[in-house]
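Whenever a hint applies, use it, and build me the whole structure from the sequences.
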Amino acid sequence: MAARRYSTDHHEFIVTPEICDVVDELAWHFDEPFADSSAIPTYVVSKLARQYVTVALSGDGGDELFAGYTRYMTDQKRSRFAHLPNTLRRKVMQPLGRHLPHGAWGRNYLYNISLDPLDRYLDSVSVFTSLNRRLLYTEDFRRKLESEDGCALRFQELASRASTGEPLDALLYVDSKTYLPGDILTKVDRMSMAVSLEARAPLLDHKVIEYAARIPASLKMRGTEAKYIFKRAVSDLVPAEILNRPKQGFGVPIQQWINKQLRVRIRETLSEARTRERGIIEPRYVRLLLDEHERGRRDHSTQLWALFMLELWQRTFVDNAGAKRHAQPAAIDLVPSVT
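The opening position of the sequence shown corresponds to residue 0 in numbering that gives the first Met the number 0, with each subsequent residue numbered one higher.
Hints in this document: simulated from the structure, not taken from any laboratory. Treat the hints with caution; some may be incorrect.
[Stated by the list, open to error] Straight-line Cα separation of at most 30 angstroms, DSSO-like style, residue types lysine-lysine; simulated pairs: (1) Lys259 <-> Lys246; (2) Lys186 <-> Lys176; (3) Lys143 <-> Lys176; (4) Lys246 <-> Lys46.
[Claimed, not checked] Pair by pair, the computed Cβ-Cβ distance ranges are: (5) Thr301 <-> Leu242: 23 to 31 angstroms; (6) His10 <-> Pro252: 17 to 25 angstroms; (7) Val317 <-> Thr86: 40 to 48 angstroms; (8) His10 <-> Arg142: 50 to 58 angstroms.
Glycine included, C-beta positions come from ideal geometry on N, C-alpha and C.
Spelled out as structure tokens, the structure:
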């Protein structure tokens with residue numbers, strides 16, 4: 000649609016499971032545990048773009064400035080439970096959520112809606128919820144942790160700086176200080192620079208950020224429509240078919256890949272003695288995640304990918320002091336089609 004509207008050449012590249020061969024390369028480039036699987040298509044599109052340009056523009060920042068994520072709507076729906084009496088939420092719902100067995104229907108949801116607003120949001124955006132972290136960590140590792148409240152305290156501190164008292168503004172500010180720089184910008188920067196491509200984010204110009212911060216939250220998300228004011232602002236430039244279509248993520252079918260192409264490697268990596276001997280994650284819980292995912296009972300792809308990348312980072316930078324596994328980057332044959 001965009002190609003027809005603006006008479007431009009758009010390149011289409013189908014990411015196939017063979018791209019899984021680059022995971023070790025990606026782990027080395029990030030230089031830290033990084034669990035966002037959309038790093039794979041970001042690497043591919045950067046490599047493809049580098050065949051034609053040395054500088055590229057990205058749209059990063061728009062979701063955090065103008066409320067583009069569906070999780071803001073999810074949180075808004077769950078906020079209705081905050082009006083329940085504290086005694087009911089904390090004395091009944093929380094303990095019930097804690098004591099329901101893993102896999103029980105509604106366990107995480109019940110516990111989540113019993114929390115205070117920012118704790119609820121943090122819990123819902125975490126790869127491992129607070130309930131599941133209790134199962135994930137070994138007893139020895141839990142003892143070594145001074146506290147698991149660091150993220151919650153950071154969220155509270157950031158939310159207090161929000162320019163208004165609107166709950167949505169607090170979430171946008173928190174995400175702009177945590178998720179945006181820690182995930183989105185890190186991902187794009189590392190993957191683009193891995194192929195010597197410079198990515199710039201014009202929406203993050205300080206004047207745009209300052210202006211967006213003054214826009215009322217009610218104009219950013221109206222009902223179930225995300226980015227309301229942003230879409231209205233560009234409605235004469237972008238076709239309605241694009242503006243009004245459902246939000247599309249930039250991901251890969253990691254759920255299927257973990258069950259097929261990556262199945263053996265992930266299971267072996269997370270089950271090997273060297274992984275268990277680190278004393279961080281509970282082997283029985285990891286086996287449970289693997290079994291449930293492979294049998295189709297639950298989609299644990301996000302959690303398994305996070306554990307897999309953590310272990311690859313450990314092996315690359317803790318065990319091998321940062322030595323690259325491959326002398327040269329993994330070969331990827333990029334032959335796009337033009338539309």
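Numbered hints the structure breaks, given as an ascending list: The structure conflicts with no hint, since it agrees with every one listed earlier.
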